[in-house]
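Asker: Spelled out, the chains give:
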Amino acid sequence: MIRDFEAEEIDPLAVGAWILGTGGGGSPYLAQLNLKKLYRDGRKCRLIDPLALDDNDAVAVVSKMGAPLVGQERLVDPAHLARAMKLMEEYTGKPFRAVMSVEIGGGNALSPFLAGAMLDVPVVDADAMGRAYPEAQMTSFAIGDLQMYPLTLIDCRDNEAIVAKAASWNWMERISRKVCTEVGSTSATCKAPRTGKEVKEWGVLHTVTKATSLGRAVLDARARHTDPVAAVLEHEDGVVLFKGKITDVDRTTTGGFLRGSAKIEGLDDDRGSTLELSFQNEWAVAFRDGEAIAMTPDLICLLDTMSGEAIGTETVRYGQRVTAVALPAPAVLQTPKGLEHVGPRAFGYDLEFKSVFAS
Amino acid sequence: MKRIGIDVGGTNTDAVLIDGETVISAIKFPTTSDVMKGVVDAIGHVMASEPANASPVDAVMIGTTHFTNAVVERARLERVGAIRIAMPAGASLPPMVDWPDDLRDAVDPLSFMVEGGHEYDGRPLVPLDRDAVRNAAMRIRDAGINSVGITALFSPLTTKCETEAAEIVRSVIPDACITLSHTLGRIGLLERENVTLLNTALQGLGQRTVDAFAKALKESGIHAPFYLTQNDGTVVLAEVAAANPVYSFASGPTNSMRGAAFLTGLKEAMVIDVGGTTSDIGCLVGGFPREANNVVEVGGVRTLFRMPDLLPIALGGGTIIDADRGTIGPRSVGYNITREALVFGGSTLTTTDVAVAAGLVEIGDRDRVKHLDQSTVAALLKRIEKMVEDNVDRMKTSAEGVQLIAVGGGSFLIPEKLAGVSEVLRVEHAGVANALGAAMAQVSGEVDQVFSEMSRDAAIAEAEKLARERAMEAGAQVGTITTLDTEDIPIAYLPGDARRVRVRVVGDIAFDERRKVA
Chain A
1 MIRDFEAEEI DPLAVGAWIL GTGGGGSPYL AQLNLKKLYR DGRKCRLIDP LALDDNDAVA
61 VVSKMGAPLV GQERLVDPAH LARAMKLMEE YTGKPFRAVM SVEIGGGNAL SPFLAGAMLD
121 VPVVDADAMG RAYPEAQMTS FAIGDLQMYP LTLIDCRDNE AIVAKAASWN WMERISRKVC
181 TEVGSTSATC KAPRTGKEVK EWGVLHTVTK ATSLGRAVLD ARARHTDPVA AVLEHEDGVV
241 LFKGKITDVD RTTTGGFLRG SAKIEGLDDD RGSTLELSFQ NEWAVAFRDG EAIAMTPDLI
301 CLLDTMSGEA IGTETVRYGQ RVTAVALPAP AVLQTPKGLE HVGPRAFGYD LEFKSVFAS
Chain B
1001 MKRIGIDVGG TNTDAVLIDG ETVISAIKFP TTSDVMKGVV DAIGHVMASE PANASPVDAV
1061 MIGTTHFTNA VVERARLERV GAIRIAMPAG ASLPPMVDWP DDLRDAVDPL SFMVEGGHEY
1121 DGRPLVPLDR DAVRNAAMRI RDAGINSVGI TALFSPLTTK CETEAAEIVR SVIPDACITL
1181 SHTLGRIGLL ERENVTLLNT ALQGLGQRTV DAFAKALKES GIHAPFYLTQ NDGTVVLAEV
1241 AAANPVYSFA SGPTNSMRGA AFLTGLKEAM VIDVGGTTSD IGCLVGGFPR EANNVVEVGG
1301 VRTLFRMPDL LPIALGGGTI IDADRGTIGP RSVGYNITRE ALVFGGSTLT TTDVAVAAGL
1361 VEIGDRDRVK HLDQSTVAAL LKRIEKMVED NVDRMKTSAE GVQLIAVGGG SFLIPEKLAG
1421 VSEVLRVEHA GVANALGAAM AQVSGEVDQV FSEMSRDAAI AEAEKLARER AMEAGAQVGT
1481 ITTLDTEDIP IAYLPGDARR VRVRVVGDIA FDERRKVA
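Protein chains in written order, with the working numbering: chain A, 1 to 359; chain B, 1001 to 1518.
These aren't lab readings, by the way, just hints derived from the structure by calculation. Just so it is clear, the structure is predicted and the values come from calculations on it, not from any experiment. Mixed in with the good hints, there may be bad ones.
Straight-line Cα separation of at most 20 Å, EDC-like style, residue types lysine to aspartate or glutamate; simulated pairs [stated by the list, open to error]: (1) A/Lys37 with B/Asp1098; (2) A/Lys178 with B/Glu1119; (3) A/Lys36 with B/Asp1102; (4) A/Lys263 with B/Glu1400; (5) B/Lys1160 with B/Glu1115; (6) A/Lys37 with B/Glu1453; (7) A/Lys36 with B/Asp1098; (8) A/Lys37 with B/Asp1102; (9) A/Lys178 with B/Asp1393; (10) A/Lys37 with B/Asp1105; (11) A/Lys263 with B/Asp1488; (12) A/Lys178 with B/Glu1453; (13) A/Lys263 with B/Asp1105; (14) B/Lys1386 with A/Asp268; (15) A/Lys263 with B/Asp1393; (16) A/Lys165 with A/Glu135; (17) A/Lys36 with B/Asp1101; (18) A/Lys178 with B/Asp1497.
Based on the provided sequences and hints, a complete structural model is requested.
Answerer: Okay, here's the thing in structure tokens:
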């Protein structure tokens, strides 16, 4: 159950991952360039089905961490992701069978591919969110109360840190974020290693395949001049929340998060109404004329109406023609325990989670 | 205050002579292969009405598409030495990694990545490796390359590494043409480096073009200082522009928009500039084109710098119509319109022919389109109307009806009434709006930096102060400088209430001081 991940799958993966980023996670562009360059240089990735993992296999969970703006200057480097993974192997003494992403949404979807191509380790077709979220405790592994340590963190200089133990997922987030900030607010991390059993039980499975085929559906629709937004909806069984034009964007940072909202004036069927999309790095809640009509963990994606291209909370701006859509969330995020971690209350909204897809 | 404005486009060379705000004369010429001859002819025409004892011209402003064309055609580019100061960061993505192969081949780069650069908060990443810079400079010199682009990590915040590296390069190659990334681009290493290296490749052409314009002006008996127009609707002295050709990339449509603002006196409006092949729709804010916030591709290269937010559509006076299928464009006869359009005796049905058939405009021989079926003509006009409506609506930022100023040689294609538009304005001299926009241009100053450990108000005030200083350096008259736009974005995951602030100011040209310089 291992197959080659082909060079022509890179672009679809990036397009799909950016959509599943639900406005956050950072654009995959630079990681995409890196991966293409690795392929041009003769390296290659393999994709392994999580169900093919042995229970005792060690699986690395790599991601880059930090401020997206800093990442635009200090550019992702596959060597650093690989080094974070090697450092973890040195620390635990157990070689990794495979590598996976913490989030399939945004640039980090490609992180395990960069490390995997460097070290010739297969990438697991799974992640721990099924989308993007800003913090360590917002993963399916945290929801499963799995062990949150150790963690390795690599800077581009000769700085290497290991968080040997943390009292909770929140503590792991706080400590590692502090180290990351100190080295310049960008770093490569290898998070607590998972066993094959843990990945099979708690991972969000087959999300690489999902992101890649979602991206392909969009690219195909563009090439055929059919509606890319419709392609997204069809592929994911999603629904349209609202169609309109951005008329106002409001951003502040509190507690290190980018928070704010984007206002959309309705067009076509939604003329006369307003949708307010509230965000905390990712799109969190959609209010139609003041009423919450969609909320986390359902995936709220803002797409360019014409191209189907995802629009991030950092790139949304006046005048864009957009369609807000909702896609179903992975089941693990919708359990009572899951909602404690990633439901609307976890983001400070006094709302009872109601899925767009609840019948 | 007498000024000549010239816009050298791919199709036409336009020129105007204005005194204060009065248009004295205007002329439109087809651009000839000998561009400078066209400029001399144009100046000769606008000056012909001047009496012999008239006061001399105070300034000449020129807009040109030369530099963009060079990138698009992959021609007339210099070989480039690229020095990136960012190691050990960014090693995996070397300079020009995302350029189209043919363009990279055209500039045949010699690239170096050395240690140095800064963090977002001003701390050094690692010390600058001065020896590595010197070695790079020597190898660039030995390769016979004279154009060098230097890009350092977070240089828009901390320019030190780039200026030090430039000194080292200059000590090795005294007459090097050097572009430093912080003078051009914004945060985003690859995009800023791309702009820097495009500029590096164009500096030779910049200098040759400015020299040729200077010669053309001299031949015309004009001894005033001359300026080139920039992407943001302002001008800089030609010598400064020669060093920064990328700032002139989108000056053509920008000039048209500035001209539209001048001709109508409107500061907030939409503009549609209808050329031969395409139309550009833009939005005036405070009398200047609204800027693009996003990555803008130039010749297939991703860039992030001062560019107007334009929506190009495939509709112009020469757009080809397929009457059988009822389709309009996207192909155009372009500058061959005077040979190929029906009304000029050609055999290709164009938008101009349809406009003539409908009686919207009198051009060429109307009898040659009288065979066109009136209901077909009406249907085609309806489609053009819908095209314009949809695209104007895409650029609008509020639901209210906006005023739309139609300029450019093909502005007769824009209907009187459009949904979502309160009024379509047409103005005298609309055909030479670009040359007028050039003539009326002011100078600007811009800042785009991250400020931390200070309040929002203090950060904006500091940015504004820096922008004003830069405007004065560029030749603005002190009392006339006003802030055009301010934008601040708080940055996620950075401590110290860090925010990125962009401020742009503009001011009138300080002519008296400048003339001494020139």
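Asker: Now tell me if each hint is right for this structure.
Answerer: Quick rundown of the hints versus the structure:
no.: 1; hint: A/Lys37 with B/Asp1098; verdict: holds (10 Å)
no.: 2; hint: A/Lys178 with B/Glu1119; verdict: holds (16 Å)
no.: 3; hint: A/Lys36 with B/Asp1102; verdict: holds (18 Å)
no.: 4; hint: A/Lys263 with B/Glu1400; verdict: holds (16 Å)
no.: 5; hint: B/Lys1160 with B/Glu1115; verdict: holds (14 Å)
no.: 6; hint: A/Lys37 with B/Glu1453; verdict: violated (39 Å)
no.: 7; hint: A/Lys36 with B/Asp1098; verdict: holds (10 Å)
no.: 8; hint: A/Lys37 with B/Asp1102; verdict: holds (17 Å)
no.: 9; hint: A/Lys178 with B/Asp1393; verdict: violated (46 Å)
no.: 10; hint: A/Lys37 with B/Asp1105; verdict: holds (18 Å)
no.: 11; hint: A/Lys263 with B/Asp1488; verdict: holds (18 Å)
no.: 12; hint: A/Lys178 with B/Glu1453; verdict: holds (18 Å)
no.: 13; hint: A/Lys263 with B/Asp1105; verdict: violated (45 Å)
no.: 14; hint: B/Lys1386 with A/Asp268; verdict: holds (16 Å)
no.: 15; hint: A/Lys263 with B/Asp1393; verdict: holds (17 Å)
no.: 16; hint: A/Lys165 with A/Glu135; verdict: holds (17 Å)
no.: 17; hint: A/Lys36 with B/Asp1101; verdict: holds (14 Å)
no.: 18; hint: A/Lys178 with B/Asp1497; verdict: holds (15 Å)
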